[in-house]
Amino acid sequence: MAPTQRTEPELVPAVGAEALVGILVVDDQLVFRQVAREVIDATPEFEILGEAGSGPHAIAATDELCPDLVLLDVRMPGMDGIETAGRLTAAHPEVVVVLISIDEPQYMPDEVASSGAAELVRKQDFGPALLRRVWQAHGRAPEA
Amino acid sequence: MPEIAESTLAGRPRTRAEIGLAGGLLTLGAVALVLIEAAPGDRAATAFTHALGISLPIALGLFRLSRSRNDRFAWLLVGIGLLWSLTTLAESSAPVPYTIGRTAVWAVEAALVYLMLAFPFGRLHSATERGLVWAIALVAGLLYIPSVLVAPFPEPSPWASCGTSCPQNAFDLAAGSPVWVDGFVRPLREVAAILIYGAVATVLVARTRRAAALMRRVLAPVAAVAIFRAAILLTYSVLRAAGFDSGAMEAIGWLYMLTLPLVTLAFAAGLVRQRLFVADALEGVTIGLKEHADASTLRTALASALADPSLGIVYWVSGEGGRWVDETGWPARSPQRQPGRAITEITVDGRRLAAVTHESGLDPIVVQAAGAYALTTLENERLVAQLQKSLEELAGSRRRIASVADRERRKIERDLHDGAQQRLVALRIKLELIAERLDDDDPQSAAALRKLEVDVDGTIDEVRSFARGIYPPLLAERGLAEALRAAGRNAPIATRVDAGAIGRHNPEIEATVYFACMEALQNAAKHADGASGVTITLSENPALSFEVHDDGHGFTETNVVNGNGLTNLRDRMAAIGGEVEVRSVPGEGTTVIGVVPEG
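The listed protein sequences derive, respectively, from chains A and B.
Per the numbering used here, the first sequence runs over residues 1 to 144.
Per the numbering used here, the second sequence runs over residues 1 to 599.
Hints in this document: simulated from the structure, not taken from any laboratory.
Treat the hints with caution; some may be incorrect.
Stated by the list, open to error - Calculated Cβ distances over 12 Å to all of chain A for the following chain B residues:
id: 1; residue: ALA32
id: 2; residue: ARG123
id: 3; residue: ARG409
Claimed, not checked - Just a few of them, taken from the derived set where beta-carbon distance is under 7 Å, the chain B residues facing chain A:
id: 4; residue: ASP439
id: 5; residue: ARG478
id: 6; residue: GLU482
id: 7; residue: ARG489
Computed from a prediction, not measured in an experiment: that's the story for all the values here.
All C-beta atoms, glycine included, are put in the ideal place defined by N, C-alpha and C.
Just chain B, same shape as in the assembly:
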């Protein structure tokens, strides 16, 4: 499995600051040198070009290093910026620095070829690319740099503003230019250079065309600049060979010099497009998984988001040594590397989750980001589904508990009615019968019995009240409206019940609403200062709902006391999946509103 670049590590701030400082100083130094030494008419433009050539690659390299210390391409950018600074010496009027500067040009040219071909990962992709880099290195190493020892530098040159009046080659050991250098080496190396740059442009264009959508966007600017550079070099070389020495040559020279900053800008444009693509890819994954997230839709979402229809994904299942499975859960082969394909492992929090096979042109960092996001979304969906299922089970359990509790309450009330209450009533009646019999013969005993009757009456009243408090018989027999009307008639505060024509509901729902209304009514009787009455309204629109409104003084959040009563009310309603809300406005009274879901 290929290793993923540690994209999340940041470069050391001190190293970046040191490089930045060095780059800044080199830029200033180059500008100063040019302003002092360059040909009078060209100083500003030459200084600007060199400043761009040094600072742009270094700045872009440092920016990438701030995000990843191990970014190979970033280090290449920094390197070529530093190397370019040497070429500024070619503006010097002194032979030695001039010579060093002109010699350094070919190091820059070779490095630029490597840079263009290694964009954006900092590595060469094919044998052809490696061959081209070797070729330019050989041309530089065998045909250019050695010729420094035996011949003057060709004039004019885009790398020096001295035109045809340049300093001597300080390393030239031969007097004059050997015939074989002018007649063979120079034409050969210029033709070789033109061919190599043409090949570089061709390779970049081909790579751009073959690439997936992301890489096309990223490579296109660099390929365009490569074509431009090759064309400029060809034109300049031809014109120089023909002996042209005109304003057009100069202009073409400037254009050639500007291609390095242009290449850097092309790199930057490509990288910006890459980041935009990552954002698009993540958005695409979000949209693709929005409707329904599971393993089968994940592949489609990722393939669409990354614009790679051939994208494949296998999942890692840990346990018993671990194995790979496909999206349906069947065992799958471990991902195999294939020509033109790459494998990116998706990890989240250090755990291996999946492996994605994709176009080799796709940035593995993008694949990792999109894949990790998608899998995290999937995991979240699964967790949310689990949570929802748990909540449903919990709600069902609460409803069952509430239902069992109501059944038990009804049973207790029925048992009390059919048992203790009947016996107490019978006892009371019998006591009166006996008392009546004893009225004439034994009035004292009769009086004693009548005292007992009072006690029995009290007991009957208590048991009756207790039974009604457990479950009002009217609620079971006649439903919510009748039960609330009866309760309203006996409430300690004037109560009106407006129930319309509501029908019967499940016993637990009726009981919950009844007791919720009673709780609200009792709260109003106890706490609603200044209330003259309470209205209980029931409706079915279509869910069963109730409102208990008092015309008291109302309250604010700061002066309300959330006692057990309100908590009980909320708990009762929540047990059947209902909701309750308390609204109060000072001066306008308080309303308790409850809604019970249908079903």
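Chain A extracted, bound-state conformation:
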């Protein structure tokens, strides 16, 4: 089975997004970025501001796009999600950073707890309900 393609996407700012929760999806896996976009598109209170395929790209995108929530994959080549979360939360403490991973939380490194991320969730649990729950727990209440 061939691995899925990892690509660096273009930064695409959405139009008319001030009332919605803007999300930046960061994952080196194209497959997940595509399905995450579908989920976000299907969740009216949220909008996708952009995608990034690596930690450095995520930092640059956050600086530029000012998302409300960053969905950040733990396992990325080079700067992994934990390190990226630390830098993002240091530079942008107002941004809610949520770490996502295929692996289960009990198999995550100890640094997750001190990374500054608001929460660690499983990728397979990702969906509209999870988005709402996370935002309700850690962010502003979404506008209906």
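Given chain A's structure and the hints, the job is docking chain B onto it.
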């Protein structure tokens, strides 16, 4: 090439027993004769002397024959012991036995000269020695034995205790002693005998001085006795010619008689020294080759051990007709015999290996033994080196195989993560999205989809577990400590990981240690009765080591089952050159300890 004496063949036991029996009977017979016939005051001492003269050479000869049936010198010793027994007849008071005994003396004297010069190999070494033997034989044959027919025996004699009252010469055909016998033959033969014995002593001293260390030790006692004997004979002859007939003459006579047993003891001492030298030589070879054994050090070791700095060695290389080479492998001339030098071929198990040129005084048996031992040591060193090289290559091959296996495992896990797992997760998410859309319009379909989600969740969990079992992602990304802590959190038994601040290591080492610890942890969870927890400790002092200890009941050798798990653990560690040990004490739990070599 000279042939080596077959030193390893033993004499036939029956022949030796027969000779021993004969020697014993002759000794008893001689003692009995002396006790009955000898002069009253001298019987004990005379009996003792004759007993020694017969039994000592025979005993020493038989001992040497027990080690080598073809030992020429041993046969000479036996012969002279048997011959000596005839001289005991000189103690008889009857004329015929007395005459036989006195006549036999000169056969013994000639044989003794041969024996001293032929020591220790049983062969004469030079024309001078052969000349001396001929000389004593001629003196005995032309001047002594014929005079038995025409004159009485001189009195007194060290060979008979009758002093000046001895029996008649039974073979004397002339009445009285002719003038020419007393005036010419007797003085001539006594002077000749003294000169010959003096020459024998001189030759032995010269040979001793010329010899290498071994032969000096061996010949020295015999040379000393030869000098003593010559001096005693001279003194006795002079005193007898001067007409002395006193206690001093008698004492000197006894000393002369005792020189044959003394010569035998000197032979024995020399032979003991020879064996000690062989032991020293072999020890010297062992020490010389201990540090570094190769062809170039072999010659030095042998020359030093045998105390022959001029020792040379060439090696036989078989194949294509065979040829001689030197220690550097260059072609060499076949060994050439030179004056004062000897050549000994070294064979091991019947194979010719080398030839050693050495001092002619060195015992070829010693050279063969030392050379064969040295070459066998060399061969063993070469074989050990080959074995070590094979083992290193094998260890390297195992490490490479382990490394390739780990790389493949990491690749499979990565491929699973990047491929199947991502797709399964995406499928799961999409199913939920569709189910949410259908919740209002078609709740049945939504419910069906959610059932499918459960199946997909199960598949994701299985693939995730499978991938983690192949190679835990945390191990590759964060190293041993993090991976073990994560595994410990999820272990079926309470697990604490104490990893200190260990750093990263080669991927195959980390993988091996990780899986070894996991194997030990699983064993503890399954088999450690009464265990409440497991502690995994990692350290670098400086080699990477781990301990997995459970506080269970422990086990003894008799109740442990060496299952595949333990075998796998040992095999994994061995593949990277590491070692693992399992220690368990009943009541104190079990500890699995592993160490990985540095590098």
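Hint-by-hint comparison with the structure:
1. Look at ALA32(B): its CB is around 105 Å from the nearest CB on chain A, clear of 12 Å, so calling it non-interface holds up.
2. Remark: the non-interface label on ARG123(B) is consistent with the geometry, its nearest Cβ contact in chain A lying 89 Å away (cut-off 12 Å).
3. Listed as outside the interface, ARG409(B) is consistent with that label: its C-beta sits roughly 16 Å from the nearest C-beta of chain A, beyond the 12 Å cut-off.
4. The criterion of a C-beta within 7 Å of any C-beta in chain A is not met by ASP439(B), whose closest approach is roughly 11 Å, and the hint is violated.
5. Against a cut-off of 7 Å between C-beta atoms, the interface hint on ARG478(B) holds, since the closest Cβ of chain A lies about 5 Å away.
6. Annotation: interface hint on GLU482(B) holds; nearest CB of chain A at approximately 5 Å, less than 7 Å.
7. With its C-beta approaching chain A no nearer than about 5 Å, ARG489(B) sits inside the 7 Å limit, and its interface hint holds.
When the structure is compared with the earlier hints, a violation turns up for hint 4 alone.
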